[in-house]
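A.B. asks: Here is what each chain is made of, one letter per residue.
Protein chains: 2
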Amino acid sequence: MKLIQAQQLMTSSLRSLPQGGRIAEILAHSVNSVNPAHCIREHLKRAGCELVINGDKISLDRYRRVLLIGFGKASLPMTRAAANIFSDKPIQGITIIKKGIHEELSEVPQNIRIYKGGHPLPDRDGLEGTQEIIDLLSSITEKDLVLFLISGGGSALLTAPAEGLSLEEVSRLNELLLRCGASINEINTIRKHISRVKGGRLAAQAFPAPTISLILSDVIRDPLDMIASGPTLPDPTTFEDALSLISKYHLEEDIPSAVLAHLKNGELGKVPETPKPGDPVFKQGYVKLIGNNYQSAASAVEKAASEGFHTLHLTSCYQGEAREIGHFLGAVLRQMATTGDPLPRPACLVAGGEATVVLEKGRQTGRGGRNQELALGATKVLDNLSDAVLLALATDGNDGPTDAAGAVVTGETHQRASSQGLSLQAHLEEHNAYAYFDALGDLLKPGLTQTNVNDLIYLFTL
Amino acid sequence: MKLIQAQQLMTSSLRSLPQGGRIAEILAHSVNSVNPAHCIREHLKRAGCELVINGDKISLDRYRRVLLIGFGKASLPMTRAAANIFSDKPIQGITIIKKGIHEELSEVPQNIRIYKGGHPLPDRDGLEGTQEIIDLLSSITEKDLVLFLISGGGSALLTAPAEGLSLEEVSRLNELLLRCGASINEINTIRKHISRVKGGRLAAQAFPAPTISLILSDVIRDPLDMIASGPTLPDPTTFEDALSLISKYHLEEDIPSAVLAHLKNGELGKVPETPKPGDPVFKQGYVKLIGNNYQSAASAVEKAASEGFHTLHLTSCYQGEAREIGHFLGAVLRQMATTGDPLPRPACLVAGGEATVVLEKGRQTGRGGRNQELALGATKVLDNLSDAVLLALATDGNDGPTDAAGAVVTGETHQRASSQGLSLQAHLEEHNAYAYFDALGDLLKPGLTQTNVNDLIYLFTL
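For the protein sequence lines, the chains are H and C, in the order given. Our numbering puts the first residue of the first sequence at 1, with every later residue one more than the last. Our numbering puts the first residue of the second sequence at 1001, with every later residue one more than the last.
Worth flagging that the hints you see were computed from the coordinates, not collected in a lab. Built from N, CA and C at the ideal position, the CB exists for glycine as well. Hints should not be assumed to be uniformly reliable.
Claimed, not checked - EDC-like mimics (lysine to aspartate or glutamate), calculated; alpha carbons at most 16 Å apart, straight line:
#, chain 1, residue 1, chain 2, residue 2
1, H, Lys380, C, Glu1186
2, H, Lys361, C, Glu1360
3, C, Lys1361, H, Glu360
4, C, Lys1380, H, Glu186
5, C, Lys1361, C, Glu1429
As the list claims (entries may be wrong) - Estimated spans, in silico, between C-beta atoms of each pair:
#, chain 1, residue 1, chain 2, residue 2, range
6, H, Arg124, C, Gly1366, 46 to 52 Å
7, C, Ser1247, H, Asp387, 32 to 38 Å
8, H, Glu42, C, Lys1288, 55 to 61 Å
9, H, Glu132, C, Asn1384, 36 to 42 Å
10, H, Ile53, C, Gly1340, 21 to 27 Å
11, C, Gly1340, H, Gly308, 19 to 25 Å
12, C, Pro1280, H, Pro401, 57 to 63 Å
13, H, Ala426, C, Leu1003, 44 to 50 Å
Work out the full structure: start from the sequences and follow the hints.
C.D. replies: And the structure:
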């Protein structure tokens, strides 16, 4: 899997700055620091016949076989890197990747089967792959070591509806959940209770074999039991929680009746609960977060410091309306550029998280993504500032329904756009950030990066 | 004029923290650092027969009289402090203060006349005071030294409609401007072109006497020509700008016809433009910013550092939707409390600016102000955090149409409120932050402070 090159992140504004290349290098470095294969190799090492995970050692002699079970957008590079580590052992594996991601499948060992599942809505291929995983796990013993390689998107890709529910019913529910305004944590609470694998049930399938879960986090604040709906972690949520969310979002009438009946049966104890903290199925389970937004932001800051920038890592957990966050961070950059607070020039401040764009109902809107809109929200307050740049980047390379990952704003953006007849106000009102930055040549377009630790906003003074 | 005491800033949450008193002291210190009398004394000093303004010296022997002309919410303490500095000289003065502010009038020298004008809408008393100022200035010569003492609110208090316009017409225009969504800079561009005093015209009235303008800024980014509509500064805006704003906000049909006619006459050159940069009336004018948000935030940071906190001054120019800024700063505080980025414990991070609250049209709303709503916007993301506090404070002591200046949030706020049956979601939806924090005893209620440098948000980890 190739690393992102600085060249892929150059834009019109960056090319006009003498330090533009260095800025692009810092961005590339922060994305590459959470490259899935890199994260696997950093956290999972071999010392002869021992496996070393962050200092802990596991003797491999006890195991006749290593099973690699991957699901999520980054599962193929994670699986490939893990397979390399066990190249001297009998391995077997199944990995479910997202349809449409171009992958070099040739380097994958023969005994790893690859499925391409639907995302964000689950499909039959994901279902088939998941059934294969369940079948493979059904034969294991204590002499098998199971590695779960988990990344964002796994919740849709690893899909096995609870007994009595169909894929169509689960898909319909997912559609409703994604549209109703529920948070990802709320959506996953419900998903966990209509599945044979989510919410710790996959760990139960692997019992009594020891398991190692390596997780690349795409959920703000890294609630491990929520990433890919936590198939290998204890589930603190209940059927009752799921039902109260159905009621909170007034979905009782719209969700398939079989789903509602299933949840109600669960509440009555007629369907077993997901395994809870303390359940014996987790006793031999080792869970490790191997990459997240914090790590990516910290890498950016470290690289910038080594290049002579004053640095600050402001947060890795922002959420909220994209243009408002852009406006606020623009004010931070303006302050930095004019008074040297909080950092004197040259400076690099990094903020990580994931914004949202709330579209007004019934209004025609343009194209864009949360990072492009965040950049557009910063444009006015940065107007006329010298040697200051704000860059907003989706680490997976995919910002909203566009082929861009984000955008770049400087103190000249507003004037340049105006002189081309582009109205900032109109593009904001129409949520049309893509058109605005596309015309300026200031979209970030590195292509899909195969990792995902949410978004990073970089503020530079030069 | 009394300084704010820490005791006036204590709330239920602060009382429950061992460091609560120190936090209140830091807040009080930052407000007192921009106490108007203090700012006057800091920037205007006497050395015998010389007046010293930031190193520049003005010999007072040349002047037979000192005129003190004040207008704005802080004009009385500014006038009083200035009068003290010239107690050995013949002085004469007029100051226009805001109606309803309780002032100790007894300490004002007899030869200073005080008017109490209407704010935010100008009234007859402001008009009368302004006419007195014009009359006083009409008699001056080069042997008079004029001190203009300018603070926020001055735009409404100093009011003299252009010839041919009535107070009612100007008031009607002001009402429309305050409601139409125009920024303060846009509003002032129009105000400057229907006045005999704004936009540099007051400086023209004082010509040929030397003038000193001492300005306390209540406008984000301190555009001096916008504070109180810049009566003593060159005006870069034109009648044409004013007319295009009338058109931008579709006010042509609603504003009084005499106002529209006046602006059109101005555009045609039939009414003289406001004095522009380079105009001789500014040649003997000395302008000095004596207090602003930056200074107040910097004082907070300095005081906190002396108390052992790690400190950061993030910005002094944020603007935007209050709850979103609260959400973002809450994420910054959460990061600080959990990983020590950007500051390890104990830490104090300060952000200054002024947020807005956009109310949904036609919906019943509760009570609150921008700072209370900002605090409410931070409540959820701070839930369950230990030893972390966010405080949002209007430096003038007046947050929206309430008797509070802001509010305090900790990691316990959400739970405490829930246990009292207060729904965070409902209070957010109803813009009812006052009721929420009032029930918790966490409103900041220092009373009116007589200064105004916008708002300060303080993030503490302990």
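A.B. asks: All hints, please: hold or fail.
C.D. replies: Hint-by-hint comparison with the structure:
1. H:Lys380 / C:Glu1186: Status holds; Cα separation ~15 Å.
2. H:Lys361 / C:Glu1360: Cα-Cα ~14 Å, so holds.
3. C:Lys1361 / H:Glu360: Holds, because 14 Å separates the two Cα atoms, which is no more than 16 Å.
4. C:Lys1380 / H:Glu186: Holds - the C-alpha atoms of glutamate 186 of chain H and lysine 1380 of chain C are around 15 Å apart, at most 16 Å.
5. C:Lys1361 / C:Glu1429: holds (13 Å)
6. H:Arg124 / C:Gly1366: 46 to 52 Å: holds (50 Å)
7. C:Ser1247 / H:Asp387: 32 to 38 Å: holds (36 Å)
8. H:Glu42 / C:Lys1288: 55 to 61 Å: holds (57 Å)
9. H:Glu132 / C:Asn1384: 36 to 42 Å: At 40 Å between Cβs, range holds.
10. H:Ile53 / C:Gly1340: 21 to 27 Å: holds (25 Å)
11. C:Gly1340 / H:Gly308: 19 to 25 Å: Check passed, 24 Å falls within 19 to 25 Å.
12. C:Pro1280 / H:Pro401: 57 to 63 Å: Taking Cβ atoms as reference, proline 1280 of chain C and proline 401 of chain H lie about 60 Å apart, which means the hint holds.
13. H:Ala426 / C:Leu1003: 44 to 50 Å: holds (49 Å)
Violated hints: none; the structure is consistent with every hint.
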